[in-house]
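Below, each chain spelled out in residue letters.
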Amino acid sequence: MSEKEEFCDQIRQNAGAMYRLAYALMHNDEDASEVLSEAIYRAYKNYTKLRNPQAFKTWILKIVHNTAVEMIRKNARLVPLEQTEQLPTTAFKEDLTTRILLREAVESLKQPYRTVTVLYYYENLSVNEIAKITKTHRVTVRQQLTRSRKMLFEKLKEDFKK
Amino acid sequence: MKGFDEYLKKNAVIARSELPDSVQKRLNATLESLPEPQHRCLRFVSLKMLLACTLIVALVILPNISVAYARVLESIPVLGELIRVVTIRNDVYSDAMHDMAIRVPQIVEMNNEAIASINQEIQTLTDQLLQRFYQDLELIGDQGHTALYADYEVQMNQPNWFTIKIQVNEASGSGNVYYRYYHLDKRTGKEITLADLSDDARFFQVIEEDIKEQMQTAMKQDPQLVYWVDDPTFGDAVSIDGTHAFYWTEEGDLAIPFNKYEVGPGYMGTPTFIVSKEKIAPYLKEAYQQLF
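In order, the protein sequences belong to chains A and B.
All residue numbers for the first sequence refer to this note's numbering, where the first residue is 1 and numbers rise by one.
All residue numbers for the second sequence refer to this note's numbering, where the first residue is 1 and numbers rise by one.
Think of the hints as simulated: they come from the structure by calculation, not from any bench.
These numbers were taken from a predicted model, which means no experiment stands behind them.
We put the CB at the ideal spot given by N, CA and C, even for glycine.
Among the hints, a few may not be true.
[Unchecked claim] Listed below are the simulated DSS-like cross-link pairs for lysine-lysine, each with C-alpha atoms no more than 30 Å apart in a straight line:
(1) B/K260 to A/K110
(2) B/K25 to B/K220
(3) A/K57 to B/K10
[What the hints assert, rightly or not] Here are some chain B residues pointing at chain A (derived, C-beta under 8 Å):
(4) N11
(5) A12
(6) R26
(7) T30
(8) L31
(9) L34
(10) I83
(11) T87
(12) A281
(13) L284
(14) K285
(15) Q289
(16) L291
[Claimed, not checked] In silico negatives: residues of chain A with every beta carbon more than 12 Å from chain B:
(17) S2
(18) K4
(19) A22
(20) K45
(21) R51
(22) P53
(23) Q54
(24) F56
(25) S108
(26) T117
(27) V118
(28) N124
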């Protein structure tokens with residue numbers, strides 16, 4: 001397998017995780033796509049610097065995170081109309097399944113809680129790995145996860161108790 | 001809250017969704033556009049010396065002793081590097097009567113005149129749109145509604161070809177939708193218009209006739225459709241020349257998009273017609289015969 005094929009294979013295996021993180025940060029598919037493209041280009045340029053292929057997922061998610069944060073900072077003064085419309089309200093429809101409730105609850109979290117929640121619960125990453133990706137300390141990540149759990153519990157307790 | 005962590009983990013795994021089609025498509029296009037990496041086995045030779053020698057052999061010696069090699073050299077893309085597009089501006093405005101959302105792209109420039117020129121055109125277009133919007137805002141105030149939406153999409157980013165599409169929706173009273181397409185032939189590094197695809201005067205006529213035939217067939221099949229072909233009021237609205245918008249489909253066919261009101265009433269929207277590659281092949285320049 002050529003280097004390019006190997007790289008593309010790794011990207012495809014981790015595309016879901018990359019998209020979920022990019023979406024958690026950008027909140028719309030268009031910007032998430034842009035983040036993914038840019039992150040892929042950056043990763044490909046530096047692929048030979050990755051010493052441990054087992055760490056590809058953490059490595060690529062870190063690049064996705066950095067790329068998204070840069071883009072957010074560049075556009076910080078502006079909030080796209082679509083983004084404000086997409087932020088869910090606190091009212092949840094009674095007939096939604098648990099997974100949709102969970103997704104809406106997670107999407108309603110403010111940053112950085114949304115990012116750490118997605119990485120921990122959706123991607124099964126460890127606190128250490130999340131700290132590397134978000135360039136924070138693992139103590140900070142644990143605090144953010146604790147607060148995130150409390151906020152999610154308030155929103156989901158009725159469904160949880162069923 | 002006991003057990004809540006397990007509840008979250010279990011449902012998060014179930015809730016993981018597939019990539020949306022648009023995201024998957026863009027991801028695939030990005031991966032396809034990645035170039036093959038250069039080999040790095042150059043520990044004991046000075047890299048600069050090796051590159052210099054290779055260039056002399058490749059550009060001077062080899063073409064002079066091999067016609068086949070010279071032809072291969074001609075086909076190496078000038079824009080072989082990745083072409084990337086970034087959003088340089090993302091403006092929004094909203095009040096009770098007026099809405100605006102405009103995303104402005106810039107092709108990351110690689111010392112290429114064509115790219116610089118396209119970026120300038122896009123910048124000029126979006127500046128004009130914004131100027132008009134804010135002028136209308138001041139003039140109209142709360143006496144009427146206006147809306148402006150402008151966005152872009154990388155329509156194609158293949159080894160030999162790059163296309164970016166700008167879509168504009170303007171509404172002040174009635175609405176108008178139009179597109180601008182910008183194309184780069186990566187092999188030459190040049191911007192390409194429809195005129196550049198053929199030296200044959202019949203090229204545009206062939207496209208026109210094919211589209212008119214498609215329109216007439218469509219109208220026969222569905223009387224609700226109205227295209228201005230042999231129209232008693234508007235005559236023949238289909239007019240293709242070297243400046244008309246176009247893009248290639250993934251299958252290598254030629255797509256001709258029309259702006260709103262260009263070939264039919266407003267409710268017909270912005271139709272696009274596909275002219276097959278077989279139809280236009282006899283009229284295309286050799287360089288565009290096997291583009292994909």
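Open item on the list: Check the structure against each numbered hint from earlier and tell me which ones fail, lowest number first.
Closed with: Structure breaks hints 1, 2, 10, 12, 13, 14, 15, 16, 17, 18, 19, 20, 26, 27, 28.
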